[in-house]
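*Asks:* Those sequence lines, one after another, are chains R and Y.
Heads up: the first sequence begins at 54 in this note's numbering, then just goes up one per residue.
Heads up: the second sequence begins at 51 in this note's numbering, then just goes up one per residue.
These are calculated hints, taken from the structure and not from any lab test.
One or more of the hints may lead you astray.
For lysine-lysine, the following PhoX-like pairs were computed, each having C-alpha atoms within a straight-line distance of at most 25 Å [as the list claims (entries may be wrong)]:
#1 326/Y x 260/R
#2 90/Y x 260/R
#3 141/Y x 126/Y
#4 90/Y x 141/Y
#5 71/Y x 126/Y
#6 126/Y x 82/Y
Covered, in the sense of this in silico footprint (three residues per stretch, anywhere, with C-beta under 8 Å from a C-beta of chain Y), are these stretches of chain R [unchecked claim]:
#7 144-155
#8 163-171
#9 249-259
#10 298-312
#11 326-333
These numbers come from a predicted model, not from an experiment.
No residue lacks a Cβ here, since even glycine has one placed at the ideal position from N, Cα and C.
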Amino acid sequence: MAEPILSVRDLKTYFRPDEGIVRAVDGASFDLYPGRTLGIVGESGCGKSVTARSILRIVDRPGKVEGGTMLLRRGDGRVVDLASIDEASSEMRDIRGGEIGYVFQEPMSSLSVFYTIGNQVIEAIRRHRKVSTKEARDRAIELLQLVGIPRAEQRIDSYSFELSGGLRQRVMIALALAAEPRILIADEPTTALDVTTQAQILELIRKIQVERDLAVVLITHDMGVIAEMADTVSVMYLGKVVESGSVDTIFHAPRHPYTQALLRSIPSVLAEPRSRLATIVGSIPHPYARPPGCPFHPRCQDAIPGTCDKNPPPATALDAEHEVRCFLCCEPAEISA
Amino acid sequence: MTNERIVLSVEGLRKHFEIRKGIFRRVVGTVKAVDDISFKISHGETLSLVGESGCGKTTTSRCILRAIRPTAGAIKFNTSDNHNVDVAGLKRSELRPLRRQMQMIFQDPYSSLNPRMTIAEIIGEPLLVNGVGDLAARRRRVAELLDLVQLPQAYMNRFPHAFSGGQRQRIGIARALALNPALIVADEPVSALDVSVQAQIINLLLELQDRLGLSYLFVAHDLSVVKHVSHRVAVMYVGRIVELMPTDALFRTPRHPYTEALLSAVPVPDPRKRAKRIVLAGEVADPSRVPSGCAFHPRCRYAVERCKQEIPELRPVAGEGMVACHRANELALAGVGTDG
Chain R
54 MAEPILSVRD LKTYFRPDEG IVRAVDGASF DLYPGRTLGI VGESGCGKSV
104 TARSILRIVD RPGKVEGGTM LLRRGDGRVV DLASIDEASS EMRDIRGGEI
154 GYVFQEPMSS LSVFYTIGNQ VIEAIRRHRK VSTKEARDRA IELLQLVGIP
204 RAEQRIDSYS FELSGGLRQR VMIALALAAE PRILIADEPT TALDVTTQAQ
254 ILELIRKIQV ERDLAVVLIT HDMGVIAEMA DTVSVMYLGK VVESGSVDTI
304 FHAPRHPYTQ ALLRSIPSVL AEPRSRLATI VGSIPHPYAR PPGCPFHPRC
354 QDAIPGTCDK NPPPATALDA EHEVRCFLCC EPAEISA
Chain Y
51 MTNERIVLSV EGLRKHFEIR KGIFRRVVGT VKAVDDISFK ISHGETLSLV
101 GESGCGKTTT SRCILRAIRP TAGAIKFNTS DNHNVDVAGL KRSELRPLRR
151 QMQMIFQDPY SSLNPRMTIA EIIGEPLLVN GVGDLAARRR RVAELLDLVQ
201 LPQAYMNRFP HAFSGGQRQR IGIARALALN PALIVADEPV SALDVSVQAQ
251 IINLLLELQD RLGLSYLFVA HDLSVVKHVS HRVAVMYVGR IVELMPTDAL
301 FRTPRHPYTE ALLSAVPVPD PRKRAKRIVL AGEVADPSRV PSGCAFHPRC
351 RYAVERCKQE IPELRPVAGE GMVACHRANE LALAGVGTDG
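Same shape as in the complex, but just chain R (with noise of 0.2 Å):
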C-alpha cells in the first residue's frame, strides 16, 4: 500500500476545566490514505468528534491536544506533525480546509446566514487559491454543480436557511472540496437527514473520492453507514480506540467484547419483526468519572476481576490491520504482569 497522508499515533486530548479532566482521546492511533475511507465509530463520550477537531487543531477550551504525532504529509513532500505545531500559525490555516476539508453534522449552524452560499465557496476558494474573482465565482458554480446542486447558477446567490437540509449538507461538502484537500473529514455529515437524503450523501461521497483519491474520516455512530463506506475502521469507547481493523474482520470477525456486544445491539431492517434485541448493561459513564482498567469492564460480561479492572489493556495486534486492546486476546504473559 501507499505511504500513509495522515499518520496518528497516541494522540492525547485532555480537557481541563475546573472540575478534574476528562480525557476525551486518550491514545488514539491511525493512518489515512488516499482513496481510502477510515470508519470511527462510536457511541457519545467516546471521542470520535474530539479525535476530528483534534487533526484539525479546532479543539474548544478547556480543551488541548496534549500528547501523540499526527504526521502529515503535505502536497509539496514536507512532514508537517500537526499535535506540535502552532494551531493559530498560518500554516495551520493553510492545512485547515487547504489540506484537509471538513464536514459537519450541523450544516444550520456551520454556514453563515448572513452571507449567500456564493460568497462563503468563493471565500473558501480565495483564501487557499490565487484567483480573480469571476474566476472563483465561476470556479464555485462548477462546485455546486459537482455537489449536484441544481441550477447552481442561480442557487450560488441563495442564503443557507432558503435551502433545505441535503442542499446545505450539498453546499458544506462543496466548501469543503473548495480548495481541493487531499483529505476529507466528514463528521456525522448525514445524522440530520432524512434516510432518502442520507443515501445521496454518501453516494456524493463516495463519486468526489474516486474522482480525486481523497482520503476520508467518516465519523458516526451508525454501524449502517459504517459498514456501507469504510474500507478499514476504529469502534472508539470512553476515549480509547478499544479495536481497528478492515471493515469486513470488524462486522464478521470482531474480537473486543465491546465490539461484538454493539453489533448485536443495533436493530436491523433484517431482523425479525418484534424481536428482543441483545443490550449491553448500565449505561456509557460519566466523563469525570470513568473507570479505572479497560474502561468497558463495568459493562462487559467477560470482564477478568482483579485484571481489567486494575490495569488499562494493551493492543494487541491480530493481523497486519487488525488491533486489539482486552485482556482477553493478550498473550498470558502480559496479563500477569
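Starting from the known structure of chain R, fit chain Y onto it as the hints suggest.
*Replies:* For chain Y alone, coordinates are given in the frame of chain R:
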C-alpha cells in the same frame, strides 16, 4: 398479542395550515400537512407511522392527542368503559377525562423532564393532577411504576440531572404509564439515545406492551427500529398514507415504489451486503405545493401518464394491507430479506 377490540380508529383525518401574508393576513396558500388519512389500532397492537421529515407523521400524532385541532375527520377512541368518543370534535374540558387513557412518550429525554422536580414528583404528577389517591397511595404507585420500568425505587427522591439519557427515557415512560392508559403515542422515543441504550428501551417497550396490553402509535423515521417494534406499518408521503402493511410483508414485499426506495436507502450493518441502492432524485415534495396526481410521481421511476393526473386511492391489495399506487398490481418491487 392483538385481539379485535379497536382502541383507536382514525377516519379521513385532515390538518391544513393556512399561509397568510400581507397586512390583511390574506390566505395565500394552504399546507396540507395531513390530507385524508385513515387507520385503526387494535388492543395490544403497535402501529408505526414512518416517513421522512414533513410527511405529516408528527402532525397526525398531535391531532390524535388533540395537541392541535384537526381540520376535518374523525378520531374515534374506544374508552375503558367501551364507549366510542370522537376526540376530533371535543372541547378542552371534555378532553380531560380522555387524556388519562392516551399518553405520550417524547423524543428528547433531556428537555421533557422538569429539572426542578424529583423523580417521584415527575412520575406522580399525572396522579396528582387527576386527583388519584392520597400522598401515600401516590408514592406506592410511583414505586410500582419504577419497578415496571426497571429503575431502583431508591431513585425516587433524586432529580433528573443525575440520570443518563436511557434512565430519563425510562422515567418518561413511567410517567406515561401512571394512569394506566390504553394507548401510548411515542414520537421518536429512541432516536436521541445511544445504540447500546436504544436497545434497552426498545426491549422495555415490547415487554410493557406484553404485560399491560398497551396499544402503541409509534412515530419514527428509523425503519430498523420500526421493524423491531411494529405489528403493522403505515408509510406516509406528503400528508398521505401510501402503504399500510403488516411489518413482515412491508419489508419483504413492499407494494409502493416509495416504500421500496425507502427500504433500499437504509444502510445495512453488514459490509458484505452493500446493496445496489435506488437513489431517489430530488427531494420530498413541498406540502404547500403538492405535485398533481400521485405526490410521489416526480421521483418515481415507475411513473406513467396516469400518475400525473389522478390521485391514487389507498386500496386493499391481494393478501393483506393497503396501498395507494395505480400500478400496485403490475409492479414487482424489491424488499429486504430477513436473516435466519
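*Asks:* Quickly compare the C-alpha distance for residue 126/Y and residue 82/Y to 25 Å and report which way the hint goes.
*Replies:* holds, 22 Å
*Asks:* Under the criterion that the straight-line Cα-Cα distance not exceed 25 Å, is the pair residue 326/Y, residue 260/R satisfied?
*Replies:* Judged against 25 Å, a Cα distance of about 15 Å means the pair holds.
*Asks:* Given the proposed pairing of residue 141/Y with residue 126/Y, does the C-alpha separation stay at or below 25 Å?
*Replies:* Satisfied, since the Cα-Cα distance of roughly 15 Å is no more than 25 Å.
*Asks:* Tell me whether the statement that chain Y covers the segment 298-312 of chain R is true, taking a Cβ distance below 8 Å and needing three residues at minimum.
*Replies:* holds (count 4)
*Asks:* Using a Cβ cutoff of 8 Å, are there at least 3 residues of the segment 144-155 of chain R near chain Y, or does the coverage claim fail?
*Replies:* That given contact is violated, which follows from only 0 residues of the segment 144-155 of chain R lying within Cβ reach (below 8 Å) of chain Y.
*Asks:* Within the assertion that chain Y covers the segment 326-333 of chain R, do at least three residues meet a Cβ-to-Cβ distance smaller than 8 Å?
*Replies:* Holds: 8 residues of the segment 326-333 of chain R have a Cβ under 8 Å from chain Y.
*Asks:* Can you tell me if the segment 163-171 of chain R counts as covered by chain Y, using C-beta to C-beta distances under 8 Å and a minimum of three residues?
*Replies:* violated (count 0)
*Asks:* Under the criterion that the straight-line Cα-Cα distance not exceed 25 Å, is the pair residue 71/Y, residue 126/Y satisfied?
*Replies:* violated, 35 Å
*Asks:* Within a Cα-Cα threshold of 25 Å, do residue 90/Y and residue 260/R meet the stated pairing?
*Replies:* Distance ~44 Å between residue 90/Y and residue 260/R Cα, so the pair is violated.
*Asks:* Examine the segment 249-259 of chain R for residues whose CB is less than 8 Å from any CB of chain Y, and state whether their number is three or more.
*Replies:* holds (count 7)
*Asks:* Quickly compare the C-alpha distance for residue 90/Y and residue 141/Y to 25 Å and report which way the hint goes.
*Replies:* holds, 23 Å
Checked against the numbered hints given earlier, the structure breaks hints 2, 5, 7, 8 and satisfies all the rest.
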